[in-house]
Amino acid sequence: MKTALLVKMSSLGDVVHALPAVSDAALHGWQFDWVVEEAFADIPARHHAVRQVLPIAWRRWRRALWRYRGEMREFRRSLKAGSYDVVLDSQGLLKSAAVVRLAEGDATAGFDRDSAREPLASRSYEQAFNVPRRQHAIDRQRQLFAAALGYEPGGALRFGLEMPATDAPGKVCVFLHGTTWESKHYPEALWLDLAECAGRDGYQVAVTWGDDAERQRAELLAEQGGAQIWPRGTLGELTQRLIGADLVVGVDSGLTHLAAALGVPTVGLYGSTDAVLTGCRGTAAIALAADFACAPCLQKRCSFEGEVVGNRYGLIRPACYATLNADTVWHHAMERVRARRFLHL
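Each residue of the sequence shown is one higher than the one before, counting from -16 in the working numbering.
Treat the hints as calculated values from the structure; they're not laboratory data. A virtual CB, placed ideally from N, CA and C, is assigned to each residue, including glycine. Incorrect hints may have been included.
[Said to hold, decoys possible] Subject to a maximum C-alpha distance of 16 Å in a straight line, what follows is the list of computed EDC-like cross-link-like pairs (lysine to aspartate or glutamate):
id, residue 1, residue 2
1, K154, E179
2, K283, D257
3, K(-15), E87
4, K283, E179
[As the list claims (entries may be wrong)] The calculated label-pair distances, taken between Cβ atoms and stated as ranges, are:
id, residue 1, residue 2, range
5, D89, E202, 52 to 58 Å
6, E220, E288, 41 to 47 Å
7, A196, A64, 39 to 45 Å
8, G216, A40, 39 to 45 Å
9, D274, A64, 48 to 54 Å
Put together the whole structure using the sequences plus the hints.
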């Protein structure tokens, strides 16, 4: 069995995007130790080809490096304790390249300067590979792994996270409304419309939250849309809840990618970001892209200054999401549910 140290630290969506490449490599006799941000450690730990997870707390450490120097020394010792055939950086950032330099391996590999997100990172690898940018992130990961680990890319898409569903009362549709960029937020007026569609078809809407702003939106959806607010928990706890859901509708976020990877019927909503490059993928997933003149703009804030439409709940901002109205989204959601049932017949 050949061993590799994989450096893919964050974000959650990026971690999910690397899973099919790990599955590919496992078929060719590779197993992995995986360096990942501590908050996301539960996800790679669920993959059968991951022997050990090495959590890194860079997001926390960077706020006060001196305070956490003991933890950083311990992390470095854990890197030095392993010996690998290949140390593979599939992140392509200076911070991930720094981890590669600390690790012990017969060879180091990653993206070349034309392929890495931060070109200088490529100087840290003995072997640097060109992987064209204008393709989906999952495809780029699979091609990099194949080039670095010595096999031909291809085959079925396997995330390696499929697990038995838990029993859940009734039919549950989860709204994953939280995300980072302001421009990625599906408007509250449309979430409320969508909750009506779900209710008409007998679904109980559940909503998640992670910070105060998301909590306020969750409370709005509970008060006006009848949604149930899930308690804030660990990523592992939330993963288990998602496995038991009948349907997920979410914005471009790590949790939406995770739901799709788990095989849950999932509809991803894309306005400012590019569904071609980072759309959610899975056996029962679909990524819906806004059909709007300036979409995808790839801007964190919407700068559209034209006419904005609305519904009885309010105005629709960002305006591009008006092309992904509740009826359209729910139609695709029900198609995903039916497709999953057909696959399991």
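Hint check:
1. K154 to E179: holds, 14 Å
2. K283 to D257: holds, 13 Å
3. K(-15) to E87: Distance of about 15 Å is within 16 Å: holds.
4. K283 to E179: Violated, at roughly 29 Å.
5. D89 to E202: 52 to 58 Å: holds, 54 Å
6. E220 to E288: 41 to 47 Å: Hint holds: Cβ distance 42 Å, inside 41 to 47 Å.
7. A196 to A64: 39 to 45 Å: Check passed, 41 Å falls within 39 to 45 Å.
8. G216 to A40: 39 to 45 Å: The hint (39 to 45 Å, Cβ to Cβ) is violated, given that G216 and A40 are roughly 19 Å apart.
9. D274 to A64: 48 to 54 Å: holds, 52 Å
When each numbered hint is compared with the structure, violations occur for hints 4, 8.
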